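Colleague: If you want the building blocks of each chain, they are given just below.
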Amino acid sequence: MKGLVHGLGVSGLAHLTWVFFKVGFVFFGGGFLLIPTLHRELVVHLGWLSPREFVDGVAMSQLTPGPVAILATFCGYARGGTLGAVFATMSVFTPAFVLMIGLTKLYDRMREMEPVRAVMSVLPPVIIGLLLAAALDIGKTVPLSPLPIVVGIIALAAMLRYNVNPAILIILGCVIGVITNM
Amino acid sequence: MNDASVPVAGVETAADWAVPPQVRLSELARVFFIIGLTGFGGGMAIVAMIQRITVDDRRWLTDEEFAHGVAMGQFLGAFAVNTVVFVGARLRGTLGGFVAASAFLTPGVAAIIILSALYFQYRQVPALQHALHGLGPVVVALLLAASRRMAKGAAWGWHETGIAAIAFVLLALLSLPVLAIIAIFVFYGVIRYRFRMSRRAG
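Protein chains in written order, with my numbering: chain A, 1 to 182; chain B, 1 to 202.
Calculated directly from the structure, the hints in this document are not laboratory data.
Please read all numbers here as calculations on a predicted model, not as lab measurements.
Be aware that a few hints might be false.
Derived lysine-lysine pairs resembling DSSO-like cross-links, with alpha carbons at most 30 angstroms apart [stated by the list, open to error]:
#1 A:K22 <-> B:K152
#2 A:K105 <-> B:K152
#3 A:K105 <-> A:K22
Use the sequences and the hints to build the structure in full.
Modeller: This is the structure:
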């Protein structure tokens with residue numbers, strides 16, 4: 001492992017933290033901006049990763065659980081080993097975290113106000129529409145063959161009728177995928 | 001809806017805005033660690049999973065509160081994490097938000113660090129693709145189940161069906177940014193409220 005011996009030094013680590021902190025502000029435009037922004041900053045401007053490494057990092061961040069933003073972890077590792085990865089992740093999430101805490105507190109205070117409640121009451125069906133759109137989007141990547149369809153139907157029934165924990169179904173899905181070379 | 005939301009006679013204040021239950025920090029950490037560990041499939045799939053585990057199973061918040069949290073999270077980008085922060089902070093304040101987010105991110109970060117170490121040594125993306133193919137149908141089922149459950153929890157009528165259908169079309173067919181879609185409906189909510197107020201007044 002490159003790990004700690006990679007030796008960025010304190011100033012190098014501080015610089016890395018600052019770079020990822022700045023990138024963290026880009027989140028406000030939507031998470032999907034993260035990939036082009038990281039690319040511009042880290043590959044084009046700073047040259048911390050090669051274009052090829054960056055593309056592989058994007059692929060990897062999609063293989064693992066958690067948000068795509070974890071791509072920042074990979075980029076941090078490329079620059080400063082394990083310590084770099086940890087600092088990059090913490091700093092990239094800091095701006096959004098602070099603001100989300102602020103929003104939540106604001107929500108606690110304002111949600112009892114009649115106009116706020118009236119306006120926000122339109123949101124639950126919107127979220128349902130967005131969930132269904134995401135289902136269609138991911139559904140398009142599933143091959144229309146019997147096995148995936150059966151897996152999907154069983155998973156749906158397990159969740160709706162028998163209250164099975166989705167975490168278990170996700171793991172089972174992975175296992176089936178590996179066994180059947182899906 | 002929520003068990004704690006039984007209306008009290010004579011009390012006009014929103015009964016379904018129940019005070020969130022006291023949840024131990026260790027319980028928050030445990031639940032979000034598991035969600036982070038199995039949260040494949042991108043933002044909305046993770047949101048569906050959080051809804052399932054924190055709203056349906058544990059009733060830490062109502063469907064409506066949860067939807068508000070998801071919508072607010074959209075304004076700050078990485079909305080799966082933001083939703084996690086929202087749930088944690090609603091239950092246990094700033095510390096709760098921090099504990100929930102850290103627990104949620106830890107498995108992914110650990111996995112990426114291990115994969116990165118392998119990558120920079122062997123220059124190959126580890127072949128996990130097969131496992132991911134098995135996930136697709138489960139994730140679709142998860143999203144369908146979450147929307148079904150949320151619809152069951154809400155007061156549902158033609159109006160709600162229309163809103164959901166329009167939101168669906170805007171995202172699935174027109175690929176509008178999610179943030180824009182939320183903004184459109186907040187704007188619609190404001191107009192609707194003002195219209196009602198003016199009708200009530202005049």
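Colleague: Among the hints numbered above, which are violated by the structure, and what are their numbers in rising order?
Modeller: 1
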